[in-house]
Each structure stands twice: as C-alpha cells, then as structure tokens.
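Undergrad: Add chain S to chain E, keeping to what the hints say.
One letter stands for each residue in the lines below.
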Amino acid sequence: MAVQCTEAEWKIMEVLWDHSPRTMSDITKTLEPDTGWTRHTVITLLKRMQEKGSVAVDESGDVKTYTPRISREEAASAQTKKLLSHVFSGKASLLINNLLDSGEITLKEMEELMDVIRRGRSAKEKGGENNAHRDDL
Amino acid sequence: MRTATIYNFLLEANIMASLAILLMIPLRKFFRKRMGSTVFCFAWLLVAVRLLCPLALPNPLIHEIQSSYAPDPALRPIAGQVQVRLSDAARDLYLWTQNNHLESLTEPTFSLFTGMGNASVAILLMKVYLVGAGLVVLWFVLSNIRFRRKLRAGRIEPISGALLDKYNALCQARHVKPIPVYFTDPLPSACLVGVFKPYIALPLTASPADAPQMLLHEICHYQGRDHLWAVLRLLCCAVHWFNPLVWLAAAMSRTDMELRCDERVTKNQTPEERKAYAGVLVLAAARRNSPGTPILATGMTMTGKKLKNRVLSIVGENRVIKGLAAAFAVTAAALLVCAFATLDPIGPAVNARAESQAYPWWRAYEAPDLAADLSTEDEFIAYAKTKVGCFPPELSENAVWRAEHVSDSWLVTAADPDGDTLIHGCFHETGLIEYIYDWQLTMSCMPGEEKATPTKEEKAQLIAFAQQCVAQLLPGMAPTDADAWQLVRCEPCDGGLDAQLFCPMGEEYSLTIRIEAGEPRLIYFMCGVNKGNG
Chain E
1 MAVQCTEAEW KIMEVLWDHS PRTMSDITKT LEPDTGWTRH TVITLLKRMQ EKGSVAVDES
61 GDVKTYTPRI SREEAASAQT KKLLSHVFSG KASLLINNLL DSGEITLKEM EELMDVIRRG
121 RSAKEKGGEN NAHRDDL
Chain S
138 MRTATIYNFL LEANIMASLA ILLMIPLRKF FRKRMGSTVF CFAWLLVAVR LLCPLALPNP
198 LIHEIQSSYA PDPALRPIAG QVQVRLSDAA RDLYLWTQNN HLESLTEPTF SLFTGMGNAS
258 VAILLMKVYL VGAGLVVLWF VLSNIRFRRK LRAGRIEPIS GALLDKYNAL CQARHVKPIP
318 VYFTDPLPSA CLVGVFKPYI ALPLTASPAD APQMLLHEIC HYQGRDHLWA VLRLLCCAVH
378 WFNPLVWLAA AMSRTDMELR CDERVTKNQT PEERKAYAGV LVLAAARRNS PGTPILATGM
438 TMTGKKLKNR VLSIVGENRV IKGLAAAFAV TAAALLVCAF ATLDPIGPAV NARAESQAYP
498 WWRAYEAPDL AADLSTEDEF IAYAKTKVGC FPPELSENAV WRAEHVSDSW LVTAADPDGD
558 TLIHGCFHET GLIEYIYDWQ LTMSCMPGEE KATPTKEEKA QLIAFAQQCV AQLLPGMAPT
618 DADAWQLVRC EPCDGGLDAQ LFCPMGEEYS LTIRIEAGEP RLIYFMCGVN KGNG
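Protein chains in written order, with the numbering used here: chain E, 1 to 137; chain S, 138 to 671.
The shape of chain E in the complex, shown without the other chains:
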C-alpha cells in the first residue's frame, strides 16, 4: 500500500515503529521535547494519518491506542518512488549517480548495493523460469 507521509507524520510513524501500540498521550510525551507539539497537534496528525490509512486505531480499551498500518520499508519505498519520480524522472540510475557524485555512499555500501542487485536479478530470472515452466505445463 503506497502511503505518502509528510515529515511531521514520519516523526509519529518513527515513534510507532519503535514501539506500538501507543496512546496519544504517550506519543505526545515522546515527541514533545524535540518538537514542542501539543496534544492537539498530535491528535490532528493522527486523525489525518488514520484517514490516509497509515495508522490504525484500537478503541476497544479505555483509551485509544495507535499502531502503524504500514511498515518502515513500505513507507521508505513510497518515499523513494516519490523522490525518483519528482527529482530523477523515475530513473534510479540518476539517483545512484547523484549519491556517488556527492559522496553520500561509501564503498562498503556500494558493494552491499551490488549484492542486492545481483540477488534481485537472480530472483527475477528464477521467477521468469518458473513462469516459463508453468506455461509449458
């Protein structure tokens, strides 16, 4: 599920990914030192996130609790796609080049990235073979 989180919503998601379910008061207390947000702010954001589908609310207990409906990986994937399409015209190669040129990616990270690409390619190829086998059948 592709859900775009704003920067403020991401802060709340970080809190929920760290540990959930959580109450609104708990979230406010965690974020208040860094952000200065009031309860009203957190309530408004949680309501929006609920409408977007990025958090789920459980009203069965005495107090409402919130859990994330999307994983960190799903949210990161959605943000990456947005970044790719808005900034790099949908081309991942441009993003990689940008990271390399700016020195944002270390040699170790590059090697890890190459491993991931190789694994991904193998999985695609195997998936292709399986499909071909099914076709044969």
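Treat the hints loosely; a few may be bogus.
To be verified - Take a look, some chain E residues computed to stay more than 12 Å from chain S by CB distance:
1. Ser25
2. Thr80
3. Leu107
4. Leu113
Claimed, not checked - Derived lysine-lysine pairs resembling DSBU-like cross-links, with alpha carbons at most 35 Å apart:
5. Lys287/S to Lys52/E
6. Lys412/S to Lys82/E
7. Lys47/E to Lys64/E
8. Lys81/E to Lys443/S
9. Lys11/E to Lys303/S
10. Lys29/E to Lys314/S
11. Lys412/S to Lys29/E
12. Lys47/E to Lys314/S
13. Lys11/E to Lys445/S
14. Lys287/S to Lys29/E
15. Lys82/E to Lys108/E
16. Lys303/S to Lys29/E
17. Lys47/E to Lys334/S
18. Lys287/S to Lys47/E
19. Lys334/S to Lys11/E
20. Lys166/S to Lys404/S
21. Lys445/S to Lys82/E
For the record, the hints were derived by calculation from the structure and aren't laboratory data.
From the three backbone atoms N, C-alpha and C, an ideal C-beta is built for every residue, glycine too.
TA: Chain S in isolation, oriented as in the chain E frame:
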C-alpha cells in the same frame, strides 16, 4: 476606451519600463553591497508605477519624433512611431514577396500591410491582448485559490505557549501589530499569506530553536508590506503579460524583497545571531519548493547561487553608503517623471479634438448622403472606377480591377496587365471612401528629413486641389471652410513638392498631394482619420 488610448499606454509604459529594467540588471549586480536592497525595492516600485499608471506629461522635445504619417493623430509620438515603423516593415515585406515572386506569401503580406493601415490588425492585436491578460489573471487567481486551499487543509493549530510569547515580543520590538500564526503541515518553509487578512503559516516541523527566526523573517515581510508588493507584481505581469522583461523584473524584485527582509532581520544582530539565521535559511532551502505557486505569499526558500549570495550577504559585513543610495533614489524618481513625459504639447489641439469627436472603434462608420448602397464586388468596382478622376490619366481601360471583402469594408485594387498595383482603396457599403491612393506615387517618394516651404501660391493651389478632390471623391462632404486646411508636411521630391494636408472639419481628411511642373496630383486620400480607425 479607445484602442489608441490603450496602445499609447501599453507602448509607452513597456518601452520606458523595459529600459529601466535593463538598467537595473547591472546596477543590482555591481552596487547592491554599497547601496543595500531597500533602494532597489524602491526602484522596482517606480518601475511598477510606470507600468501601471496611464499618465502622460507634456514634453515639447517629444514633438521631434511625432510622425506625420501615423494615420491616427490620437496616437502619441511614441505609439505613432511604432505604428509607422511597423507599417513600413509590413509594406517592405509585401514588396519583397512581390519582387521575389513568392505568390503564396503575397496575399497574406498584402493583408497584413493593408490591415496596418485600416486598423484591422490593430483591432485584432487588441483582442489578443485582452484575452491574454484575462488568461493570466485567471491563472493567477486559480493558482492562489489552490495554494490557499492546500494551506487551509494543512492547518493544524495556532501557535501557543512559549513560542507565542516569543512571537509577541518580536512584534513589539518591531512595532508591528501581531497577526495570526498557524502551524501547518506539510509546508516546506514559513510564509506570509493573504492580502487583506494576512497570516503567517509556520511549518509544523520547525524546531523550537528555528521557529523564532522564521517568525522574525515573516514579521519583517509584513512590516515591509511585502504581501502588497506581491499584488503589484501580479498586476504588472497581468497587464504586460506579453513583455518577458516584466516577468524578469517581477522575479528580480521578489529576490530584492527577500534580501531587504534579510537586512531588516539582521539589522543590529550579533555575528552569531546572523549565522544562526543563515543556518535556518539553508535548512528551509533544503526543503525546496512550496506547494502550488504561491504568487501572493512570501516564503523563505531560495536555492542555488541565489541562496549562496544571500547567505554571504547575511554573514558578511556590508557597509551601505547612504549618500550613494539616496542619490540613486533621487535619480530614479527624476527618471520616473521623465518616463511619463510622452505627450506632445504642440499637437494637443488636434488630439483633443480627435478624442472629443471620436467614434467608439467598434461602431461601423456611417457616412451621410452619398446615395450609394454597395454590396457586391462588381458594384464596388464600378463605384471605385468613378472615383479615380483625381489620379493621373494613365489608368487605362486594360487595368485589372478586383475587390475583396475584409471585415466591414471592401478593398478595391486596380492593377496594370503586368500585375503591378496602380490604385488601391478601401470603401464602405455606404459609399464612404476610407482611403484611396496612387500606389506607384506613394512608393516612389518616401518621407525624408528634408523639408520645404511652399510659396503662398503653391499653398493656395494645394488647398484648392484638396477641396476639389474631396468634392469629387465624397460629393457633398467637402469642408465648408477652406481655411481649415492645415499643412502638416512639405518636402521636395523628384523635382516637385510633396505636401500633406489635414482638415479637422467634418469627416476629417488627410491628403498627400504632389505638385510637379506646376500641376497638382493626388497621391493619397484618407477620410475619417479619427473615427473607427483605431
């Protein structure tokens, strides 16, 4: 409002403002550090005044460029010169296509040339202009509605607590009445929004340390009435949408407004406070552009080279030379007055009369009592044949005639068997002749710098001939007072004398007559100079 009035305003404002804008480019580049940004904002205000104010002050010097050939005396010298130059260019283009036998281009260039003369091109351009201006205004309005809706949807709550106390203290220190401030998400940077009821939108993600700097920046924008500046920019771009320099000026003035705001913020700040403020700017820039197109909002974002220059300006020690800034401001104000001096005081009698007797341009011109009711091509040609008696007798029976219906008039042409145009005229269904001229004579002697003064006898001969021509061309419509004829221009040509006469009485006539070997010949006749001809 007459088309001539709008053309006067648009041409004068754009020419003068464009010169000023081009001058501002190097001035900003080389003198900003010494003069500060406030004086450049003042200069932009003057440019906006020139662009939006349809004022014309008398200037005797401008009579030197008053063209005698502008068909509409309601056009002031600058607009008249532009029209004459464009007409000449259209004529040259038409002649070029003819000389190079480009048949496919001959017709359209001919239509363009005649359209310049009978104002159909001017009227068409006016319609295009009005549509363009309307579209630009619509785009601005819709963009801002969209932006305001997004901000409204993203509004969280008003600021409160310690931040609100800090904000009120900042307002008090700046002697500014506090306006509402709302946390908003998503919002890449703080902005001052609205014109009549402005408020500040503050990003929800602004840290408690950075928020006061952001608010101070927006307070300084409010203090400088920068939200009203935005409306001025919008108006200039809408009214002068066709001039790319105006759009460039809007962008440059926006930059200068931001820099002026920075100067206000960092005035009396310590170097550490300036660095902190510069840091907030860089952080805001990292968040890139605001949603939509915030034309009527001010924001903190600025990127790339502009951001670098801005940061350097904030942290650097720039010493403004107040005397230099004051001198620049005074000079700019004086130049603004000069930029409005476009009215020719020597010809106001004619122009004033033209304005007061002018018909609205959209009305078809109705001439009384010519007893003609023309509707077909043959009828127009037959009628035109009866009107060429004023022209040389070389027009033979072999001449080829044609008539073309254009807008609400008919263009009738007589050409020789080789296709060279001899006579060209514009006729109305009532029989009124808008203009008619001897093509060959018109092309043979172009207006020059040399002037001539006719003798008393020659002047009397010219006037008598003019009266005779009008009586022949438009029976019953000749001026009753021969003394009303004015000699507009006279110059030597091919051993003879070319003279242009104008009569403001009645239907207002303009004739160009050549006296050659003592004999007058009609070159050009025009009627209804100020009526319905744009």
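Undergrad: Run every hint past the structure and note whether it holds.
TA: Right, here's what the structure says about each hint:
1. Chain S leaves Ser25/E outside its interface by the beta-carbon criterion, the shortest separation being 17 Å against a cut-off of 12 Å.
2. No beta-carbon of chain S comes within 12 Å of the beta-carbon of Thr80/E; the shortest separation is about 16 Å.
3. The Cβ of Leu107/E lies farther than 12 Å from every Cβ of chain S, with a closest approach of about 26 Å, so its non-interface assignment holds.
4. Even its closest Cβ contact with chain S, about 24 Å, leaves Leu113/E beyond 12 Å, as expected for a residue assigned away from the interface.
5. Annotation: proposed proximity of Lys287/S to Lys52/E holds, straight-line Cα distance about 16 Å (limit 35 Å).
6. Distance restraint check for Lys412/S and Lys82/E: the Cα-Cα separation of roughly 33 Å lies within the 35 Å cut-off, and the hinted pair is therefore satisfied.
7. Between Lys47/E and Lys64/E the alpha-carbon distance is near 12 Å, which keeps this suggested pair within the 35 Å criterion.
8. The suggested pairing of Lys81/E with Lys443/S holds, with an alpha-carbon distance near 29 Å, which does not exceed 35 Å.
9. Of the pairs offered as hints, the one joining Lys11/E and Lys303/S holds, with about 25 Å between alpha carbons and a cut-off of 35 Å not exceeded.
10. Restraint check for Lys29/E and Lys314/S: satisfied, since their Cα atoms lie roughly 34 Å apart, inside the 35 Å limit.
11. Distance check on the hinted pair: Lys412/S and Lys29/E sit about 32 Å apart at the alpha-carbon level, within 35 Å; holds.
12. Among the hinted pairs, Lys47/E with Lys314/S is consistent with the structure: their alpha-carbon atoms are about 34 Å apart, no more than 35 Å.
13. For the given pair, Lys11/E sits about 30 Å from Lys445/S by alpha-carbon distance, which is consistent with the 35 Å threshold.
14. At most 35 Å may separate the alpha-carbon atoms for a hinted pair to count; Lys287/S and Lys29/E meet this at roughly 29 Å.
15. Between Lys82/E and Lys108/E the alpha-carbon distance is near 26 Å, which keeps this suggested pair within the 35 Å criterion.
16. For the hint linking Lys303/S to Lys29/E, the alpha-carbon distance of about 23 Å falls within 35 Å, and the restraint holds.
17. At roughly 28 Å between alpha-carbon atoms, Lys47/E and Lys334/S fall within 35 Å of each other, so this suggested pair holds.
18. Distance restraint check for Lys287/S and Lys47/E: the Cα-Cα separation of roughly 17 Å lies within the 35 Å cut-off, and the hinted pair is therefore satisfied.
19. Distance restraint check for Lys334/S and Lys11/E: the Cα-Cα separation of roughly 32 Å lies within the 35 Å cut-off, and the hinted pair is therefore satisfied.
20. Distance hint between Lys166/S and Lys404/S is fulfilled; the C-alpha atoms sit about 22 Å from each other, no more than 35 Å.
21. Distance check on the hinted pair: Lys445/S and Lys82/E sit about 27 Å apart at the alpha-carbon level, within 35 Å; holds.
In this structure, none of the earlier numbered hints is contradicted; all agree with it.
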